[in-house]
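Engineer: With chain E held as given, fit chain L onto it using these hints.
Protein sequences, first through last, are from chains E and L.
Under our numbering, the residues of the first sequence are numbered 1 to 431, in order.
Under our numbering, the residues of the second sequence are numbered 1 to 628, in order.
No wet-lab data here; the hints were simulated from the structure.
There may be inaccurate statements among the hints.
Claimed, not checked - Below 25 Å or equal to it, Euclidean Cα-Cα: the simulated PhoX-like pairs (lysine-lysine) are:
hint	chain 1	residue 1	chain 2	residue 2
1	E	K2	L	K547
2	E	K392	L	K208
3	L	K188	L	K201
4	L	K60	E	K392
5	L	K455	E	K322
6	E	K392	L	K455
7	E	K427	L	K202
8	E	K427	L	K455
9	L	K268	L	K354
10	L	K417	E	K259
11	E	K70	L	K455
12	L	K201	E	K392
13	E	K164	L	K547
14	L	K214	E	K427
15	E	K70	L	K399
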Amino acid sequence: MKYDVLVIGGGIAGIEASLTLGDAGFEVLLVEKDPSIGGHMIQLSKVFPTTDCAGCITTPKMAAAASHPKVHLMTYSEVKEVQKTGKEFRVKVLKKPRYVEEDLCIGCGRCEEVCPVLVPREFDYGIVGRKAVYIPFEMAVPKKAVLDLEHCMMCGRCERACPKDAINFLQEPEEVEITVKAIIVATGYNLFPPERKKEYSYTGNLTLIHTNLNPNIIHAMQMERLLAPSRPYHALLRPGDGKVPERVAWVLCTGSRDKSLGNPLCSRVCCMYSVKQALLYTSAIPFGEAAIYYMDIRAFGKGFEEFYTMVRDLGVYFIRGKVARIESRNGNPVVIVEDTETGEIREDEYDMVVLSVGLLSNPELSEILGIDTNSYGFYVPPDENANPVATKVDGIFVAGTATCPKDIPDTVAEAAAAAAQCIAYLKEVGT
Amino acid sequence: MKERNKIGVYVCHCGGNISDYVDVKKVVEAVKDLPNVAVARDFVFMCSEAGQNLIKEDIKNLGLDGVVVASCSPHLHEKTFRNAAKEAGLNPYLVEHVCIREHSSWVHSDNPEAATQKAIWIVKAAIAKVSLARDLESIRLDMKPEAIVVGGGVAGMRCAIDLGRAGITVHLIEKSPFLGGRAAQIGKMYPSGISGIELVKKLVEEVKNNPNIKVYTNAEIVSAEGALGEFKVKVKINPRYVKGNVSDDTISQCPVEVPDEFNYGLTKRKAIYKRDFTYPDTPVIDMNACTKCGKCNPDFNQKPKTVEVTGSIVILATGFKPYEPKEGEFGYKVYDNVITLPVFDRLISISNGKLEYNGKEIRDIAFIYCVGSRNEEHEYCSRYCCVATINAALQALEKFGDLRVYHVYRDIRTYGKYELYYEQAGRDGMLFFKYDPENPPVVERSGNKLIVKVKDLLTYGEEIEIPVDMVVLSVGMEPEMSDVFTMLRVPFSRDGFLQEVHPKLRPVETAIGGVLVAGTCQGPKDTVEATASASAAAAKADTYLVKGYAELEPFIAEINPEKCDGCGECVEECPAGAISIENGKAVLKEALCKGCGACGAVCPTEAINLRGYYYDQLRKSIEAAGGD
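With the rest of the complex left out, here is chain E (with noise of 0.2 Å):
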């Protein structure tokens, strides 16, 4: 198969990318590694600082990557071998077995209904469960179930349920050659698991009261889905007992600007997360007191300044601060802290304390890519003040979060200069 464009990663940095050079009339081919795509910005509530809600704009341009007659999606699938020959890439593409024939499910659901497994769902960071067999999210693009071999007990009551016999154990993975003329790369970032930082007692397991680890400690991620439209328990409610949780603590730099945790690296967003998220929960619960525990606050986007302002002057409280650890009392956590703008030692104990984790890099292909990446893993173009998103190598572009953690204004505009990019250099080596 022959496309100009390979775009690997189909988070909004991919798809914005892709679309670009669709319109602009090139062969796109997006890969995907997840089931859907969508990557973390269809998992958020709200997104700063207009609180446009996430999914009314990353929806639409999934769906329009998905219907665009230039743009092809290969879900599931993975990038396994680049090559590059004369003015040409040769790309292996792995595509994994869904064990659901794609063009047959019409995305029912029905399979999930019957399953009898339960497990942790991905799409809210294990806040409530999924079955072996399900489709990942609402408004996964594609919208086809994936059977989760791992957990599978093999009962075959998905398959009996299945009214177009999409349900397939006997697929394979697939092995798929393309050639394509230039590359963006838009592999986006991992975020930083939590229990990484032992002082801040975060447990992935949410059925664990009353220990150290405090299910009512949760991370970032997990509050934007409680406060997403699509969230959970369709209330805000604390992970540990479902209690309304009427004080809530935000911790900043966890597992960011911390050397201990081999991160020095500030993650660029997580002052403005947390900011925007006490303001939608002091939205969602009336007289729930909200507190954040900050450095420095890093506001320094267009309108970010005047978000921050309106938000302190609602009433939280921003108390200055890098956090000890966490402890716990009658299943609350306990924020230890010492201010420092008045040298006072701080125990406060909150219903919820969420913590405000960064981003890692994810540098994965940087070997099949031949591409550099900084001692942090993320990718370094080489030439970064007058064109950020090239690399070394002539038709591989980055965008993205990929070569550094950044908020979404940011990744769009980078996704359409890769495009940019690109088209000016398809243009050159003739298509």
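Structural biologist: Chain L in isolation, oriented as in the chain E frame:
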């Protein structure tokens, strides 16, 4: 005309944004049995693929002849639903998208019942409008591959290069005599470590070598008009007053010396001057300084030339200017050694051996942050200054050693990987003091030292006095104003910078079709972000120019000659000059019509309709909305 009677109505929950306040089921109930309605449904996200598929399936299976979607603002998703209808084989202009989110659920969240009632009225009005909708066709506009870029700084050049390489003719217009803009004044840049001059050189080389880019320097924009596909810009090119090749030797013979603006007056230049790192190589004579001595063999008879350039797209890359502190603001203009960051940046670049200013060696420096940012006058954060200040301090330390550096700040915003610069500053022994904006630092003089008095929050409010030789004010960015903004009627945001349509959906487009923004005219950015946004603007332009055409909405005027009595009021009213009277009847030039509707409003005989908003449609929807 025959009414459409197979209309599908789709009410969106917007994931709770609407359904938390508007009873969407009740809205569906209220309209599903209306005579023109074939089907009415509600769904959690109509804009999602699943939601769009609902509509498409109904169009195919029920043979719908019209669609009403009640959800968010049409600004967001009208196109989404029109495309969906088109894919299912329905004329996209038979889709009416009405807003029950901004217009109902959000504004009436205190009164769900009234919000629901209002939503019902809005939907009924839309059904009435669609019942009389005509089949319209979009207007295809061919695009000549030609663009106009205003501003020859790094953003303008990046954009011109990207377009030029894609085969598009670019007119790059720069008001100063040389390309380069403000980036060239920066010393060693973060993150790549090249100097501003090297960066400009690199881009200038590419501009020079690209045959598709035409550069106009010393060029003022006299007028700018037109619309997507047909912009016209008149450019006055001011003379350089030089003849033939002028050698460096000739330049050195000029007897006049004036402060060199490139170095903020830290050095002097001649009345005839050039900039080696940029384009063009031809020098220019500064007539405000020239004494007309004639030593450089000038040609004072040169006259300004006016040229007209055309382009299908205009990209504004007009940049920023540094905030100029008021007299007395932190001692500025009161004490000699209080300077701004851009001046300090030049001072480091041109100083060798030791750091001297006003004949005095500088051993200790205090930087005061957020000058002209994050206050009542400028609410916004200027984004670049924290990193730029620390970067400049690190360079000074590296170049001159043995400096004591103090940073007096509010929040250090070294975002992303720039945090490493902050860390380095701490390792290098620079000291940081945090001030409260309620209690800003004060600069005073004591003997031959400046004293910065700060109530430091990091030592719990201790009053600290820092004696220094120099105070550097970390000044923010302000938009560089240009007449072209008003000529093209581009809107501004609250912060005074140019306003994009939507920061995430359409980040480089303005409300004026075909006018795009690149770089710092849209808001503070560093060079990495400025060049990225410039390429993004090029990408948007590519979607029209590489493809070669645009599709425009059909909502323009339609004149019924039978009703027209030739009074000519519409001709007077039309701002686009699209209407004329021929043989006693008004005649429309469709290509010029912008669809503003002003003609229809003044027509005494209702001879002029606006397509998509026909009189009968509007009357029927008003009736339907007030029907109960």
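Engineer: Indicate, hint by hint, whether the structure satisfies it.
Structural biologist: Here is how each hint holds up against the structure:
{"no.": "1", "hint": "E:K2 - L:K547", "verdict": "holds (20 Å)"}
{"no.": "2", "hint": "E:K392 - L:K208", "verdict": "holds (23 Å)"}
{"no.": "3", "hint": "L:K188 - L:K201", "verdict": "holds (14 Å)"}
{"no.": "4", "hint": "L:K60 - E:K392", "verdict": "violated (50 Å)"}
{"no.": "5", "hint": "L:K455 - E:K322", "verdict": "holds (21 Å)"}
{"no.": "6", "hint": "E:K392 - L:K455", "verdict": "violated (49 Å)"}
{"no.": "7", "hint": "E:K427 - L:K202", "verdict": "holds (21 Å)"}
{"no.": "8", "hint": "E:K427 - L:K455", "verdict": "violated (59 Å)"}
{"no.": "9", "hint": "L:K268 - L:K354", "verdict": "holds (20 Å)"}
{"no.": "10", "hint": "L:K417 - E:K259", "verdict": "holds (13 Å)"}
{"no.": "11", "hint": "E:K70 - L:K455", "verdict": "violated (61 Å)"}
{"no.": "12", "hint": "L:K201 - E:K392", "verdict": "holds (20 Å)"}
{"no.": "13", "hint": "E:K164 - L:K547", "verdict": "violated (41 Å)"}
{"no.": "14", "hint": "L:K214 - E:K427", "verdict": "holds (19 Å)"}
{"no.": "15", "hint": "E:K70 - L:K399", "verdict": "violated (53 Å)"}
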